[in-house]
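Chains as they are written, first to last, in my numbering: chain A, 1 to 414; chain B, 1 to 292.
What the hints contain is simulated information worked out from the structure, not anything from laboratory work. Nothing here was measured: the structure is a model prediction, and the numbers come from that model. We treat Cβ as the ideally placed atom computed from N, Cα and C, and that holds for glycine. Each hint can be trusted.
Derived Cβ-Cβ restraints for the label pairs, each shown as a range:
| id | chain 1 | residue 1 | chain 2 | residue 2 | range |
| --- | --- | --- | --- | --- | --- |
| 1 | A | Asn42 | B | Gly20 | 37 to 43 Å |
| 2 | A | Asp340 | B | Glu61 | 47 to 53 Å |
| 3 | B | Phe226 | A | Asn42 | 26 to 32 Å |
| 4 | A | Gly116 | B | Asp60 | 44 to 50 Å |
| 5 | A | Thr163 | B | Thr51 | 52 to 58 Å |
| 6 | B | Tyr46 | A | Ser207 | 28 to 34 Å |
| 7 | A | Lys393 | B | Gly98 | 46 to 52 Å |
| 8 | A | Glu66 | B | Asp60 | 36 to 42 Å |
| 9 | A | Gly229 | B | Val272 | 44 to 50 Å |
| 10 | B | Lys286 | A | Lys234 | 58 to 64 Å |
Under 10 Å between C-beta atoms, here's a sample of chain A residues computed to sit facing chain B:
| id | residue |
| --- | --- |
| 11 | Gln78 |
| 12 | Gly104 |
| 13 | Met188 |
| 14 | Pro237 |
| 15 | Lys384 |
Interface residues of chain A toward chain B, partial, derived using beta-carbon atoms under 7 Å:
| id | residue |
| --- | --- |
| 16 | Thr75 |
| 17 | Ala81 |
| 18 | Met99 |
| 19 | Glu240 |
| 20 | Ala387 |
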Amino acid sequence: MRFRLPLACLAGLTVMAAGCGSSSQPEASGKATISYAIWDKNDQASAEKIISAFQQANPDVTVKLEITPWDQYWTKLQTAASGGAAPDVFWMNSLNVRMYAKGGIITPIEESKAQGLPPAVVDGYRYDGKLYGLPHNVSIPALWYDKKLFDAAGVAYPTADWTWDDVKAAAKKLTDPSKKQFGILAHMWDQGAFYPTMLQAGGHVLSQDGKKSGFDDPASIQGLEYWTGMIKDKVGPVAEVYADTDPITLFQSGKYGMLYGGVWFAPTFWANPEIRERIDVAPLPAGPGKEAVILLGLANAVSAKSEHPKESAAFAEFVTSEQAQKILSDTGGGSLSLRDGTQEGWFKAFPSFHLKETYNASMPYGVPYPVSLNTAQWQDVQNKLLAEAWAGKRPVADVAKEIATQMNEILAKE
Amino acid sequence: MHSRREWAWGYLLIAPMALGLAVFYLWPIAQTLYLSMTESGVFGGYTWVGTANFADLFTDEEMYGALGNTLLYSVLVLAGVPLSIVVAALLNVPGLRGLSIYRTLYFLPVVTMPAAVGLTWSYLFNGDFGAINHVLGTVGIDGPYWLGDPDFAIYAIAVVGIWSSIGYNAVLFLAGLQGIPRHYYEAAEIDGAGRLRQFFRITLPLLTPTTFFVVVITMINALQVFDLVYLMIDLKSPALEGSRTIVYLFYETGFVQNQRGLAAAIAVILLVLILVLTAIQFRLQKKWVHYE
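Let the hints inform the model, and build the full structure from the sequences given.
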């Protein structure tokens, strides 16, 4: 089909003119179908729009979207990858990327493609000096609060200047045992809750070179005690509560003053008009050591065994392009786009929430999510042992030291 | 060569089953055995480590915890078997009205997806909003966080396990009950035995072959319990330690921590455990199972 070639070029030019800035248009070597695997149904609408924009620019390429729920995603992907049948392009997170890079499942991506993206997110996708995924969104932890409870207790709303002490003081005032009302939800959560507080106290989760655990650092322990302290002081409900009911659901019951959550909770909260009106969001409070917000972004990785490597790489790159990032934002789904200046649409989708202010205040303190080669292995140890501290069965310091010991053993084998 | 042809026919007839067994059971067992002696890469690639995985497991506290939880769960579910007998006996009362409705009701849990069962019961068990604690609350009892408390979780899960197995077992018992010839009861009635006496002296003994079958099957199923625990207990739950079963540990090791070899070793240990416990049951059956 000879006449398709000029058409594709023309379409490619249009995209470039539109500010995509892409220099690696796929060669029109006939029709190609590539598969794109993601796990979040909330992102289906935006993914479909992005795919159709890409196909418009590249008429010879068909992108097939596959959605596998999170619970089966990694198992399915690993099995497919082991058999050499991984999707051409697929969602990757920084927890798993090193494993896939080391296993030769995914192919390195040119460094230049990630230009203009925040290093705190991009760095999560480096292995052995090379980039293995192109991030396309960012998840920022933040402090959600219930305005109604704050008003009733006469406490001023959280601001960007809040510190741990402000949270503790507010939590105390917001707690009312007679109404089964608590100041804060102290659920055990790494990215948005205890990792940030470990860092904010001046500690660390993993050493710079990724070879040593930071859990036995006294400052890290202080960061963990921030949370167990809330439970001990009875301003947050006991650990068993979160095992029964998701903190997001609990928070919406209107009996909890504050929740360390993600900005990506916005669509969930916004969906309910009653909740929408009574809550708002602020940046994470600063700790005694410093300010720190753990940023995490999802990325698209390209299979090393893809039959259409060029098209696949071009698509992965397109998802991160300014054009696609705008589509992502404007769809107002679960994802906050990563490229600076493309987020307006998303902020506007939830006008009464102070998401923009939270974003602006958080990004300068962005820290990459701590990862090593097999992150899941030591995180499993961490979660199991911390559960004992959260339940009040063992002192935090003991547990933290044991995590460090076991984690160091695991890291040494990597 | 008449007999050889007969042999050939016999083999031909069992071939589909034998082939299925070989492909779907024997070969995977052999592979698992092999895998359990290796340290495996996430994407294939194995290094032979001999019995190191087993040595690791035998010194692992978590392994013993999981073993203990699994055995406790199995014992609890087995203790629920008499309930099935009672249900079956009640369903077998001659002239019972709406029999098929009762049978359907008791059998429903068996055909319900475990995911639905697990989720629904999680709601019932919920410490703050659950129906169970609400009912307890009306009589002044402050119910615990059933699924969040390591001391209660395994019992709560066992309740669900018993609940979902009653129907299946009752159908088996019902078949057994209906296989008992009526003349035993007629003779007993003439001798003046009451209903209760008939139950204990005729029904139960003649039901022992069915009971044996049910006990063996229930135990094997209980030892392999995973779905309920997986659905009701989160990996970060404080109750995990008190409710992690062998298969859950297998899942965690193999699919969360990506240690395939070690996970295979856990599977082998479970296989051996089931073999041994089943063998013991077959030995013991001579003492209590009466065949007519």
